[in-house]
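Taken in sequence, the protein lines are chains A and B.
Anchor point for the first sequence: position 48 equals 48 in our numbering, and the numbering is continuous, going up by one each time.
Start counting at 1 in the second sequence, then tack on 81, and there's your number in our numbering.
Source of the hints: derived by calculation from the structure; they are not laboratory data.
Hints should not be assumed to be uniformly reliable.
Think about it this way: if two alpha-carbon atoms lie no more than 30 Å apart in a straight line, the pair counts; the simulated DSSO-like pairs of lysine-lysine are [said to hold, decoys possible]:
| no. | chain 1 | residue 1 | chain 2 | residue 2 |
| --- | --- | --- | --- | --- |
| 1 | B | K128 | A | K58 |
| 2 | B | K141 | A | K69 |
| 3 | A | K69 | B | K205 |
| 4 | A | K24 | B | K151 |
| 5 | B | K151 | A | K46 |
| 6 | B | K128 | A | K69 |
| 7 | B | K151 | A | K69 |
| 8 | A | K58 | B | K151 |
| 9 | B | K196 | A | K58 |
| 10 | A | K58 | B | K141 |
| 11 | B | K141 | A | K24 |
| 12 | A | K46 | B | K141 |
| 13 | A | K46 | B | K112 |
| 14 | B | K210 | A | K69 |
| 15 | A | K69 | B | K106 |
| 16 | A | K69 | B | K196 |
Cβ-to-Cβ under 10 Å is the rule here; a few derived chain A residues that face chain B [said to hold, decoys possible]:
| no. | residue |
| --- | --- |
| 17 | R34 |
| 18 | R45 |
| 19 | E53 |
| 20 | K58 |
| 21 | A59 |
| 22 | Q61 |
| 23 | L65 |
| 24 | E80 |
Backbone N, C-alpha and C define an ideal beta-carbon position, used for all residues, glycine too.
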Amino acid sequence: MYENRFMKVGPRGQITIPINFRKKEGIRPNDLIRVCDAGGYLIVRKATTPSPEEDFIKALQSMGLSEEKDWAEIERLRDEE
Amino acid sequence: MNLCADSWFLIKLSENDTTAMETIKQVTQGKDRLIVPSVTLVELTRKMIRDGSGLENVDKLLGSLRTSSKITVTSLDEELAVSSGKISAEYSMPSIDSIVAATALRTECRVLLSKDTHFDRFSKSTEIKKQCW
Chain A
1 MYENRFMKVG PRGQITIPIN FRKKEGIRPN DLIRVCDAGG YLIVRKATTP SPEEDFIKAL
61 QSMGLSEEKD WAEIERLRDE E
Chain B
82 MNLCADSWFL IKLSENDTTA METIKQVTQG KDRLIVPSVT LVELTRKMIR DGSGLENVDK
142 LLGSLRTSSK ITVTSLDEEL AVSSGKISAE YSMPSIDSIV AATALRTECR VLLSKDTHFD
202 RFSKSTEIKK QCW
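Construct all of the structure, not just a fragment, from the sequences and the given hints.
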């Protein structure tokens, strides 16, 4: 479950990132952040973190999948249908 | 150009396969987009649970997909479901494959990255080229 906080927007669009979020993500004063429009959501990330595509590849590689074992199983399950 | 990623391609990325990494590099550094049919996430999630690996990496994968402008997950809605059913019947294709094929068609993919032989006849009769190595 995601933690939600309500923040008031300032006259020039400024918001304050809650301190516990800043601590968790290691965001410090003068850091650059990336704001992403994710269709109904704005996602704020520290700009020095890897790109979403790098994260995507890293997450897949952490899964430790193999063609020999895992693709063979997926093919078998598809064939069973 | 849009490329459709079947579970096979995601597995090749997981293996750090050279050709798969070159392909994703073209996506991240060029104008191409990678389309991930939502049904491939079913297969990856099932695999993680069966292996007792937990869902941490699936959550990370979803987090990256939410913020990427180059890699997009296509959800299964009613229109895609009907289109999949038609493809499944026409090409005698398992449902999961037909959802991948319908996703590739809807998102105007030119390439379907898969080793699944069920796509062979579909690939020959459409403009979507099946690509594997």
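Hints and how they fare:
| no. | hint | verdict |
| --- | --- | --- |
| 1 | K128/B with K58/A | 17 Å, holds |
| 2 | K141/B with K69/A | 23 Å, holds |
| 3 | K69/A with K205/B | 28 Å, holds |
| 4 | K24/A with K151/B | 27 Å, holds |
| 5 | K151/B with K46/A | 19 Å, holds |
| 6 | K128/B with K69/A | 11 Å, holds |
| 7 | K151/B with K69/A | 29 Å, holds |
| 8 | K58/A with K151/B | 16 Å, holds |
| 9 | K196/B with K58/A | 22 Å, holds |
| 10 | K58/A with K141/B | 9 Å, holds |
| 11 | K141/B with K24/A | 16 Å, holds |
| 12 | K46/A with K141/B | 16 Å, holds |
| 13 | K46/A with K112/B | 25 Å, holds |
| 14 | K210/B with K69/A | 25 Å, holds |
| 15 | K69/A with K106/B | 25 Å, holds |
| 16 | K69/A with K196/B | 14 Å, holds |
| 17 | R34 | 8 Å, holds |
| 18 | R45 | 7 Å, holds |
| 19 | E53 | 4 Å, holds |
| 20 | K58 | 7 Å, holds |
| 21 | A59 | 4 Å, holds |
| 22 | Q61 | 6 Å, holds |
| 23 | L65 | 4 Å, holds |
| 24 | E80 | 8 Å, holds |
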